[in-house]
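Protein chains in written order, with the numbering used here: chain A, 1 to 243; chain B, 1 to 355; chain C, 1 to 442.
Careful: at least some of the hints might be erroneous.
Using 30 Å as the maximum straight-line C-alpha spacing, the simulated DSS-like pairs for lysine-lysine come out as follows [stated by the list, open to error]: (1) C:LYS197 <-> C:LYS318; (2) B:LYS347 <-> C:LYS259; (3) C:LYS318 <-> A:LYS91; (4) C:LYS73 <-> C:LYS385; (5) A:LYS45 <-> C:LYS388; (6) C:LYS227 <-> C:LYS168; (7) C:LYS313 <-> A:LYS91; (8) C:LYS295 <-> C:LYS168; (9) C:LYS73 <-> C:LYS295; (10) C:LYS85 <-> A:LYS43; (11) C:LYS321 <-> A:LYS163; (12) C:LYS313 <-> C:LYS357; (13) C:LYS318 <-> C:LYS428; (14) A:LYS51 <-> C:LYS388; (15) A:LYS43 <-> C:LYS259; (16) B:LYS346 <-> C:LYS114; (17) A:LYS91 <-> C:LYS30; (18) A:LYS51 <-> C:LYS271; (19) C:LYS321 <-> C:LYS388; (20) A:LYS163 <-> C:LYS313; (21) C:LYS85 <-> C:LYS30; (22) B:LYS344 <-> C:LYS295.
In silico contact screen, one side only, chain A against chain B (beta carbon under 8 Å); selected entries [what the hints assert, rightly or not]: (23) THR138; (24) VAL142; (25) TYR170.
I should point out that these hints are in silico values taken from the structure, not numbers from a laboratory. All of these numbers come straight from a predicted model, not from anything done at the bench. Yeah, the Cβ is synthetic: ideal placement off N, Cα and C, and Gly gets one too.
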Amino acid sequence: MNEGLYWQGMTLLDFARGPAFRWSVAIFIVGVIWRLTMLILAKRKRLEPPKGAPVAGGTKAVATRSTPPGELYGGLTTLLTRSAPAHELEKNIVFQHYSGYAWHISMFIILFLGTPHMLFFADILGFTWPTLPGWIITFFTVITMGILLVLFARRLMNPVLRKISTWDDYISWVIAFLPFLTGFMSVAHLTPFMDYETMLGLHFLSVCALLIWFPFGKLMHALVIWPSRYKVGAAFARRGVRA
Amino acid sequence: MAASNTVGDVLRANGVSRRGFMKFCAATASMMALPPSMVSAVAAAIDSAKRPSVFWLPFQECTGCTEALTRSHTPTVENLIFDAISLDYHHTLMAASGDRAEEAMYEEMEKNYGNYLLLVDGSIPTGDYENYSCTNGHSHLSMLLKAAKGAAAIVSIGTCAAYGGIPKANPNPTQAVGVQDLIKDKPIINVPGCPPVPTVMTGVLAHYLTFGTIPELDKFGRPMAFFGQSIHDRCYRRTFYDRGMFAETFDDEGAKKGYCLFKVGCKGPVTYNACATLKWNDGVSWPVQSGHGCLGCSEPDFWDKGSFYRPLSAAYWGDAKTVGISAAAGAAAGLAAAALARGKQKKAQQQEEQA
Amino acid sequence: MSATTIPDYGTLGQRAAAGLKPKGLSDEQKIARAKQAFIAGIDADMATYLESCIHCGMCAEACHFYLGTHEAKYTPIFKTEPLKKVYRREVAPMRLFNRLTTRDITISDLEDWKELAYDSCTQCGRCSLLCPMGIHIQSMIQVVRNGLAAAGMAPAELQAVSDEQRDKATILGAGPDRLREAVERVRAQGIEVPLDKEKAEIMVLSSALDFLKDEQLLGATARIMNKIGADWTIRSDGFESANFGALSGDKPAQRRISKRVIDAAVATGAKKVIVAECGHAYPVLRWEAATLYGKELPFEFLSVSEYFGQESKAGRLKLKKPSGEVSHVTFHDPCKLGRMGGSFDEARELLGAIGVKLTEMESHGRTNLCCGGGGGVSMLQSADKLRKAAFELKREEVERTGAPTVVTACNTCLQTLEKGKQWLSWDKEIVNLVQMVSENLD
């Protein structure tokens, strides 16, 4: 597994970029696929007809479980509409709602439109795409870190969040925050007590940490959000309600 | 061997004018970041340098370092200085050879014991493979250990001598190492590069000749004056990196316009050398200027750090095979977990139905 | 038109609770049974939900109990904690890792969660609409109740009535006998009530909770059914909409109770079963009864307002506009019929046919704010304070419409809104949609 990647006396950067990353990706894939098997747990077969299905009675048996396109449509549209709930539901938490999306969007800009990152994905996918100049990425990095810090403070102070938060939330925050911090410090060459290569190595290692932690904690939400939104959309559509 | 006694004598004998010599000293002084007032001190030092005893031992090398230094269109002052000072022994260059040459070398070493400068290029095979690199029947390992005993200081010329270089690259078939892995009790200056910039080599020697001391070294033992800044920070194409203008391949529009070579594998950001400022062939050009990314050749293990054409940010994520095996392992574990869980669920549901 | 017909559920609940026989389980047994019920209730969909929570706390902002009190423990997803823990430790794919990080549930967890699963949740489903991860929190609360009930820890009021309904087919003493009495009283008013017809196209359900005090609602329903001219009946062997097995979380009881309705409908050969104006009755029958029964049903369930609205739209139920001033009303969508039932338009169809000026509340239709009385909460006197606090939100929205009348289509909502009038010394008129329709028949 480490063939050609490991040698005695390698630097932290070489280790982070080489064996560490390879193992992290492997652990990530093993963990993610393992955890996603919750989708194949036992299902309850529902025998009630969905709303709007052909009327029961007589000789014709009614379709069970799902009647496309009702549930399929409801499920798929909810994937997107859930990002914009009805105003009367969320009028008290508009800040949380928008800041959450803001830093995620910012993160995707950094991750996919930053040239060094794009090159990493290009190596996997086999094709490149246009990216943004470095200073724009740095700008978004600062914004992301700012929002993350505010939300962290909020989690520590808001009574609801204090009640429901677990150590998973805090660990995941740190693990999510570190790539931005180390990336920013690398680009800005802000490297206290260490040299640039070490900081860059820490940046790679912070991503390794993220990959390793991903299947075990709440970072997995990046993947489970899709089946979850679909299922609630389908469940409500089954009852004839837009989710 | 020349009859002159000092370096200055040699230079004058070869027609180097005072003016030309001072120009060289001024350039050397400024390279070492010395104030203009020091120029005359440098000049005086080199002029009266008593043909310091310098021994150049080439080991498991490709001769590229020697070539870089000596291969030039016109004789340069560097060459002359080297001619002046390294006459004592350089088996590649000197006319004499064999036992007698070697004997002469060891005699001179005895005479100058504790005072001579030992220059090494090439890596040193060790262990079972010690004899893979020999001169006149003696392994280079044994030669190094013997020669190092009376040296005042050792200069490892080139990445091979400094860190093991290409021979050390995986799988290191000769168990090659650099000088610093074998000699622990002498001051060592590493002047890496594959090959090093000739001006850098001379500059280091000029420093030693002038001050008799080792220059300030970085964590890899390299003189800070020449290896203290990264290629990236001194690269003339840096603006394009900052603006996000890159060459995607070696012959596209970006390449032709001289855009940044990060995407085609330049290791400039993590490589420390003087190429970007001093350049090669008396300042004619250097790899990036010629359109090829920096290989990182002055860094330890640069050959093993992976493809020269793989961008620095492209970490080693694995390959399709590793991904496939991981996915299969995850699926197997997950299916087993799911099967067991489903069993639990079914059992609980059955018990509920019977209630 | 106001609902003095509806008795105070809280008082009735207390009376029933007094007669409850405890199950006599040890703490270990309770925990084991709760766990088993949780595991049985977690299917693939619920597993997905349980994996998805990111602890953002947004669900709290949709919950009337949280908004009324600002007490963090009423955060909807927090109400499912025991279920989450058991899932993570027993069923989740990463359970080996989770066992290191997730505590096992204790008896005090179950005790503490009694309030959270029963007193502070009406299963209104509003939280399920807001969660950015798409977690259907409402569906999980029922499983929490199943677990607590299996452990014998459902609130005494609900468990007592559930036991009674399961064993005796009566609710608080009211069963087929009381039905017959009520039917007689309706007939005495000149309204025909086809009781216990052998065969009929439509079987109408009522609820003991309706005619515990008087028969007005039964009479109103009968009048409308007769006006439509439907071939209908009400069966003394299967007339009860309410399902205290569902409210208490006692799943075996729930199954047995809904089976009675199904058996009666099958025996009648009915094509439609009209569910009386009881909130939870509709989803329990429409969305859960067939699965518990184990077979697809040969008839469809419709709520009263749903059916009448359809008939009005089809022109088979003619309503007349009132003479004189048009009422200014707002409509309170019952959670179980609307958001959890899919019926919004039918009620508005009826209001439109009657001809009222309708001003919608800010949260209406699928985002309607729960009145705070459903899911059995109105029977728990321990929840009184909570309901009062939560009701403030409803009051504010009603007042902003400027309408002096609130129309609703669920009797629990009606009772809660009436109670709200007491709490606030409110001057609003609370009207039952079916009664309104029956008074405006053409």
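The hints, checked one at a time:
1. Restraint check for LYS197 of chain C and LYS318 of chain C: the C-alpha separation of about 26 Å stays at or below 30 Å, so the hint holds.
2. At roughly 23 Å between alpha-carbon atoms, LYS347 of chain B and LYS259 of chain C fall within 30 Å of each other, so this suggested pair holds.
3. Note on LYS318 of chain C and LYS91 of chain A: the hinted pairing is violated, with a Cα-Cα distance of about 41 Å set against a maximum of 30 Å.
4. At most 30 Å may separate the alpha-carbon atoms for a hinted pair to count; LYS73 of chain C and LYS385 of chain C meet this at roughly 15 Å.
5. Taken as a hint, the LYS45 of chain A and LYS388 of chain C pair is broken in the structure, with Cα atoms around 39 Å apart against an allowance of 30 Å.
6. A threshold of 30 Å between alpha carbons decides the hint, and for LYS227 of chain C with LYS168 of chain C the separation of about 34 Å lies outside it, so the pair is violated.
7. A threshold of 30 Å between alpha carbons decides the hint, and for LYS313 of chain C with LYS91 of chain A the separation of about 35 Å lies outside it, so the pair is violated.
8. At most 30 Å may separate the alpha-carbon atoms for a hinted pair to count; LYS295 of chain C and LYS168 of chain C meet this at roughly 25 Å.
9. A threshold of 30 Å between alpha carbons decides the hint, and for LYS73 of chain C with LYS295 of chain C the separation of about 39 Å lies outside it, so the pair is violated.
10. Distance restraint check for LYS85 of chain C and LYS43 of chain A: the Cα-Cα separation of roughly 20 Å lies within the 30 Å cut-off, and the hinted pair is therefore satisfied.
11. At roughly 53 Å between alpha-carbon atoms, LYS321 of chain C and LYS163 of chain A are farther apart than 30 Å, so this suggested pair is violated.
12. For the given pair, LYS313 of chain C sits about 19 Å from LYS357 of chain C by alpha-carbon distance, which is consistent with the 30 Å threshold.
13. For a cut-off of 30 Å, the pair hint linking LYS318 of chain C to LYS428 of chain C stands: about 28 Å separates their Cα positions.
14. Distance hint between LYS51 of chain A and LYS388 of chain C is unfulfilled; the C-alpha atoms sit about 34 Å from each other, more than 30 Å.
15. For the given pair, LYS43 of chain A sits about 23 Å from LYS259 of chain C by alpha-carbon distance, which is consistent with the 30 Å threshold.
16. The suggested pairing of LYS346 of chain B with LYS114 of chain C holds, with an alpha-carbon distance near 26 Å, which does not exceed 30 Å.
17. At roughly 41 Å between alpha-carbon atoms, LYS91 of chain A and LYS30 of chain C are farther apart than 30 Å, so this suggested pair is violated.
18. Simply put, LYS51 of chain A and LYS271 of chain C have alpha-carbon atoms about 16 Å apart, close enough for the 30 Å limit, and the pair holds.
19. In summary, the hint linking LYS321 of chain C to LYS388 of chain C is not supported, as the alpha carbons are separated by about 36 Å, beyond the 30 Å threshold.
20. For the proposed pair LYS163 of chain A and LYS313 of chain C, the alpha carbon gap of about 49 Å is over 30 Å, so the pair is violated.
21. For the given pair, LYS85 of chain C sits about 16 Å from LYS30 of chain C by alpha-carbon distance, which is consistent with the 30 Å threshold.
22. Of the pairs offered as hints, the one joining LYS344 of chain B and LYS295 of chain C holds, with about 24 Å between alpha carbons and a cut-off of 30 Å not exceeded.
23. Interface restraint check: THR138 of chain A against chain B, minimum CB-CB distance 10 Å, threshold 8 Å, status violated.
24. Nearest Cβ of chain B to the Cβ of VAL142 of chain A: about 17 Å, over the 8 Å cut. The hint is violated.
25. A least Cβ separation of about 27 Å between TYR170 of chain A and chain B goes past the 8 Å threshold, and the interface hint is therefore violated.
Of the numbered hints stated above, those contradicted by the structure are hints 3, 5, 6, 7, 9, 11, 14, 17, 19, 20, 23, 24 and 25, listed in ascending order.
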